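Here the protein sequences line up with chains C and D, keeping their order.
For reference, each letter of the first sequence is one residue, going 1 to 334 in the numbering used here.
For reference, each letter of the second sequence is one residue, going 335 to 830 in the numbering used here.
Watch out, some of these pointers could steer you wrong.
[Said to hold, decoys possible] For each label pair, taking beta carbons as the anchor points, the in silico distance ranges come out as:
id	chain 1	residue 1	chain 2	residue 2	range
1	D	Leu-424	C	Gly-146	33 to 39 Å
2	D	Glu-402	C	Lys-135	55 to 61 Å
3	C	Ala-139	D	Glu-467	40 to 46 Å
Rather than coming from a laboratory, the hints here were simulated on the basis of the structure.
Predicted model, so just to flag it, every value in this text is computed and none were measured.
Backbone N, C-alpha and C define an ideal beta-carbon position, used for all residues, glycine too.
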Amino acid sequence: MRSEVTIANKNEQTETSEKSERRVKVSHFLGRYGMLLILIALIVLMSILSPTFFTTGNLLNIVRQMSVIGIVAIGVTMIIITTGIDLSSGSVIALVSVVVASLAQVDSYSVVLAIAVGLAVGLLTGVINGTIIAKGKIAPFVVTLGMMTAARGAALLYSGGRPIGNLSESFKFIGQGSLLGIPVPIIIFALVGFVSYILLNKTKFGKYVYAIGGNEQAAIIAGVNVEKYKILIYGYAGLLSSIAGIILTSRIASGQPTAGVMYELDAIAAAVIGGTSLTGGIGTVGGTIIGALIIGVMNNGLDLLNVSSYWQQILKGAIIVTAVLIDARKNRKT
Amino acid sequence: MSGDYILEMENITKEFPGVKALDNVQFRVKRGTVHALMGENGAGKSTLMKILIGIYSPDRGVIRFDGEVLKLSNVKHALNKGISMIHQELSPVPYMTVAENIFLGREPSYRFTGWVKARELEEKTRKLLERLEIDIDPNTKMADLSIANTQMVEIAKAISYDSKLIIMDEPTSAITEREVNHLFKIIRSLKKEGVSIIYITHKMDELSQITDEITVLRDGKYVGTKPSDHVTKEQLIEMMVGRELNQVFHKITAEINDVALSVKNVSKKGKFENVSFEVRFGEIVGVAGLMGSGRTEVMESVFGITPPDSGEIFIKGEKKIIRSPRDAIACGMGLLTEDRKLTGLFLPLSVQDNMITVSIDDYRKGGFLDHRRIKSDCQKLTEHLSIKTPGLNQTIKYLSGGNQQKTLIARWLLHNPEILILDEPTRGIDVGAKSEIYHLIFEMAKKGKAIVVISSELPEILGLSDRIIVMHEGRKTGELKRGEATQEKIMELATG
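Given only the sequences and the hints, what does the whole structure look like? Please build it.
Shown next as structure tokens:
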């Protein structure tokens with residue numbers, strides 16, 4: 001009798017453990033692909049609600065519109081993985097915008113030079129952020145808040161507060177042109193995504209980004225030059241901001257000292273929706289791109305449905321918080 | 335049961351994953367007495383006390399307090415029942431005043447607005463401090479107090495609850511003799527008022543001065559209770575350590591060669607003074623000492639985490655300046671830290687990524703990493719150390735403590751340093767994993783590595799080491815060879 005009872009118990013146990021295993025697998029799957037499923041669901045929903053949504057033209061339009069935020073968000077993702085934050089990206093876009101516009105005039109002799117200077121400006125702001133954060137041991141929030149204010153000021157100062165127009169045709173190609181029917185911004189976005197993916201997953205740099213975010217003290221003890229890598233990470237993010245700034249300037253065909261306002265927050269939102277954890281060590285390029293696309297599809301779809309932009313903001317806010325809530329629950333359970 | 339006892343804890347058992355922290359422990363405190371609770375680090379004292387104040391709930395066992403059965407759900411509940419505790423680690427809110435700290439969470443206030451009655455708060459605090467003859471202004475910010483005065487405020491806070499039972503966890507570890515005498519005076523007057531006190535200490539000389547009875551725990555088990563004036567220091571030490579080696583050590587003595595690491599007269603203000611020692615290739619040197627003896631701090635200094643103020647470090651006879659862990663690793667050292675969660679593991683990352691952090695440069699191929707080689711090397715180590723994981727990509731936080739610890743050891747094995755410092759290599763892991771780690775340590779010594787092992791567990795130190803260094807309050811108090819070292823000798827040196 002007794003042995004039967006134990007056998008029954010055992011069966012029960014294996015059953016429950018199988019069940020819980022299945023549950024773990026399901027939640028693992030949702031954790032990994034949850035946001036992708038939401039993106040697909042959103043696309044399906046919008047396609048049903050609006051006949052013009054699911055057309056090649058509109059879809060390309062969404063990705064093109066999101067490429068600026070998406071590129072910034074990839075840099076911000078790396079920073080957030082290290083438990084940092086970057087509030088300066090929007091202002092850096094503006095600074096790069098006016099600098100590049102002033103050099104890419106119709107009569108100027110080199111668009112390449114203009115772009116090179118623009119990239120250098122972005123890189124420099126990032127390196128300054130990273131150096132103060134790493135060497136001065138100051139909270140990234142404060143340092144990048146300072147850079148956000150200072151870079152905006154520099155943009156206004158440089159341009160005298162006025163937009164800079166009269167840009168050369170070849171420069172406008174970056175934001176407005178297409179190759180093989182694909183808008184150039186999308187191609188650049190894809191390239192940045194690919195290179196960043198390789199950096200994060202296949203190189204020493206990437207392993208250290210995750211290690212610093214996973215446990216900075218442990219990384220120091222394991223011999224990681226944390227200061228150097230923080231400077232590199234913020235520098236890379238600054239570089240991506242300047243790429244975004246160049247695309248934006250080219251697309252609107254003018255250098256705007258007021259460009260990029262609130263872009264830093266959209267970029268952070270994209271990273272967070274894409275599963276990047278503010279507590280560090282977790283985040284992927286793919287997730288962030290999906291996060292950016294979710295925001296893009298929402299904006300576009302709600303526009304097509306004539307939902308007021310006020311409502312759009314409320315919805316976006318709700319989605320950001322919900323995404324983090326899901327993330328937090330997922331982490332708590334395990 | 336007799337009403338003579340204020341507290342009776344019977345058959346208390348508490349298990350954590352992989353460790354039985356308490357096994358059928360009994361603990362009885364008589365009303366109006368000071369009862370010392372003793373035992374080595376890890377004997378189960380703090381777990382028992384955390385059960386008593388409602389932080390943990392026991393798996394089994396009964397607590398009877400002041401005649402009624404106690405089932406606690408949280409600390410507040412314990413306070414309401416009349417049990418308060420002075421914690422060893424002070425946790426003041428630094429930018430609030432002494433008065434605000436003492437009455438935190440129970441400030442006198444108006445009922446509906448919650449407006450704090452500042453004058454009453456100050457007055458209550460002043461009266462309390464006067465009663466205890468503690469000369470501190472209630473309006474001082476905690477941040478401006480010395481550590482000793484911070485401790486006195488914590489004591490005042492515990493007393494302010496008007497508890498029937500106060501737990502004091504090493505209350506004298508941070509204060510000078512003057513304050514110790516003051517504290518003892520307070521304790522005596524509390525006793526007169528009928529308050530009972532549980533007094534946790536490592537200081538033997540305090541026992542006869544202030545305590546009435548002593549209970550000793552060992553390895554999570556109850557050893558015995560003795561009246562304080564009928565027990566000698568030697569008897570107590572024997573009660574605390576007197577066990578057979580419960581893990582089997584097949585000590586392998588390796589060939590001991592030249593000096594690998596030589597540390598001369600290192601000092602760091604407030605941490606340790608004039609510490610010197612040597613480790614040879616093939617040798618295992620154990621470092622023993624109680625908490626606060628500075629053993630971890632010395633090793634962290636040698637490894638460059640907190641470089642020493644003065645002193646010299648020689649590697650293979652050559653003087654080296656080590657200002658960071660990077661320098662130390664470049665000199666051929668490795669350090670397995672004391673707290674694996676705090677300073678060792680990358681919890682959100684995979685087993686493989688946790689292994690390769692130190693040796694990543696060995697796997698660079700152009701600008702990229704040679705993933706195939708990383709994978710095969712990590713796989714080999716996982717098998718060699720029998721790390722139980724579903725795969726190398728498993729997130730490390732889901733592994734058991736023992737397997738996490740083995741992964742961290744693998745991190746250093748992969749890098750293969752010549753000198754390896756292991757701080758509490760078997761803390762919080764089960765017996766099986768322990769003996770595997772011992773085996774690994776012997777194996778490394780056999781391969782000619784110089785090894786330093788810090789441990790709170792004396793049998794571990796005795797079983798592993800060729801030579802043992804003992805520290806007490808920041809100083810090296812002795813060095814014992816294998817063969818001459820016994821638990822009693824180490825304890826004597828460790829208690830000063």
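Against the structure, the hints:
Between D:Leu-424 and C:Gly-146 the Cβ separation comes to about 35 Å, which falls inside the hinted range of 33 to 39 Å. Between D:Glu-402 and C:Lys-135 the beta carbons are some 60 Å apart, a value that agrees with the proposed interval 55 to 61 Å. Here the CB-CB span from C:Ala-139 to D:Glu-467 is close to 43 Å, well matched to the stated 40 to 46 Å.
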